[in-house]
Amino acid sequence: MTATATPPEQEAQIDPRSPKLRLAQFFDGGNFELITPDDDRGVLVGVGKVAGAPCVAFATDPTVQGGAMGNDGCRAIVTAYDRAFADSVPVVGIWHSGGARLREGVLSLDAVGRVFAAMTRASGKVPQISVVLGPAAGGAAYGPALTDLVILGPKGRIFVTGPEVVKSVTGEAVDMDILGGPEPHGRRSGVVHITTDTDEAAYAEARTLVCLLGQQGSLQLDSIADTDLGQFMPDSSRRAYDVHPLIDGFVDEGTFTELHAKWAPNIVVGLGRLGGRTVGIIANNPLRLGGCLDSASAEKASRFVRMCDAFAVPLIVLVDVPGYLPGLGQEWEGVVRRGAKLLHAFAECVVPRVTVVTRKAYGGAYVAMNSASLGATKVFAWPDAEVAVMGAVAAIRILHRKRLAEVPPESREQVELELAAEHEVISGGIKRAVEMGVVDEVVEPIATKRAVAQILWDTPGVRGQHGNIPL
Amino acid sequence: MAHTLSAEMVASVHSIEVSAGQRVDPGAVIVVLESMKMEIPVLAETGGTVLDIFVAAGDVVREGDALASIG
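One line per chain: the protein sequences are Z and P, in this order. Using this note's numbering, the first residue of the first sequence is number 1, and each one after it goes up by one. Using this note's numbering, the first residue of the second sequence is number 1001, and each one after it goes up by one.
Okay, chain P solo, but in the shape it has when bound:
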């Protein structure tokens, strides 16, 4: 089942660490956000294939915004 990773807090997107179609293990870094002067990795909760990435480096995301989906 696909799951969507979302931002926990307001942040800017520092970098995207994977590309669509890539297989990832649980715990893999998908996106790195920047907030409170820190680079915060967002990790895959389960393994699977990266279906879609909804953001690009430099975007500003709000709490709850979808970042990527994995299925």
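Chain Z extracted, bound-state conformation:
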């Protein structure tokens, strides 16, 4: 399309919410082929390309009954899924819809349910990505929620019941923004994986994710340069730090796309490339909550592990974890149940998955972070790393409680340090961990990328045979 072909007055007539326009903005060069009728059914389905590779996309039509989903529109979405399934290509939904069509009554509810069923049948088989650009309410909220990845544009709002219903039932005066805008879904609910400041950025993120999952590339070992990953760590082993520079230094430059960045930020998950091949990265982030695992972060990581497993994306797990976050709130939130999801996800996972313990791995959190016991393909540790039930000082406080109680308070710290040093000698540090087989190999920070890549190269690519339930 050229700018000169359309007079300004005609250009102004194109509704920016038009599904045709939106599909054009998503696909390569604005080119796509419609595979459903272009009428008032409220959904358009197109087949086109993303970075040269085929992809199916549909867009709800907010210019007809507010984008409400009726029987025919829902059938169009199922058609999109059938096509994506038949071609084994990703399917992208562009959402802007008030939910089921009131005028069609329960028939529209039945149709919406069929969409959910189609999404679930496709789950774990073809990548499903949602781009929410306007309100997506009721049935239109659960559509995106069933997909693998959800991107929210600046005007995207996702909620089950709108402000008016909330007001009449609970008396709460809320607007759509606080109910289901970028802040609540980006930070609190975990519904949305990526929020963007513009619609254009939302399409760009969707295209990036389609490429990362749909065109995973093959690993080029030669292209991986040695990088001293130790430079991203603080001098003091007690000091917390932001793990993002370490991740950016690990993957090919500029390829990391973080998911759920603001929700449960004490663990970082995202897709990037290593030697040109798509990999999934999971890393504790000591800057937030000291990098402790908690109920939300365990759940976030487990969903990510299962998605990568379903789509044959190898995992790299960067471990620096002091333990599970203690507290009444955590226990009542179900840190046991939700933490168990991460154990289950890793233990079930069949893609190559390599662990690197950079600094420390303590206790139950050590087990959960893709330990050898859960079937890690390989566990590396840096030379100064510590793998233990707990830190040495905490351990000797329990082991030598009586003896420490007899020590006068002014010399207690000194005695604790001596006992801790002694304990470290007995428990053996990282060498002992290698002897026991809980760490396979000690690797220098500078040699880590190649060592990990070599394992990915040597390990056959397989994928888990399961859906990706939105945990």
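Because the hints were derived from the structure by calculation, they are not lab data. As the structure is a computational prediction, the values presented were derived from the model and not from experiment. Among the clues, some could well be false.
[To be verified] Chain Z is faced by these chain P residues, among others (derived, beta-carbon under 7 Å):
hint : residue
1    : 1008
2    : 1009
3    : 1035
4    : 1036
5    : 1038
6    : 1039
7    : 1040
8    : 1062
[Claimed, not checked] Below are the BS3-like pairs computed for lysine-lysine, each with C-alpha atoms no more than 30 Å apart in a straight line:
hint : chain 1 : residue 1 : chain 2 : residue 2
9    : Z       : 167       : Z       : 49
10   : Z       : 49        : Z       : 155
11   : Z       : 20        : Z       : 49
12   : Z       : 125       : P       : 1037
13   : Z       : 262       : Z       : 431
14   : Z       : 262       : P       : 1037
15   : Z       : 20        : Z       : 167
16   : Z       : 155       : Z       : 167
17   : Z       : 431       : P       : 1037
[Said to hold, decoys possible] Label pairs and their computed distance ranges (CB to CB):
hint : chain 1 : residue 1 : chain 2 : residue 2 : range
18   : P       : 1026      : Z       : 204       : 53 to 61 Å
19   : P       : 1021      : Z       : 436       : 49 to 57 Å
20   : P       : 1021      : Z       : 397       : 22 to 30 Å
21   : Z       : 171       : P       : 1063      : 27 to 35 Å
22   : P       : 1025      : Z       : 121       : 33 to 41 Å
Backbone N, C-alpha and C define an ideal beta-carbon position, used for all residues, glycine too.
Using the hints provided, position chain P relative to the given structure of chain Z.
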């Protein structure tokens, strides 16, 4: 607009790294907390002037307690 930094978890205040009235850039370390045997820096989300500091070294803070405000 002023924003308040608060503690994410139960911790003791290890050190205060700025003083009231000081100008700070986004990402500057304002307070260092100690929890789970770790020193955890709390960073400014936006740049501005440190308006107030609500804690002192050695204080114990609970989740959600205000540490400092920046505006």
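Q: Check each numbered hint against the structure and report the violated ones by number, ascending.
A: Hint check: 8, 9, 12, 13, 15, 18, 20 and 22 fail, others pass.
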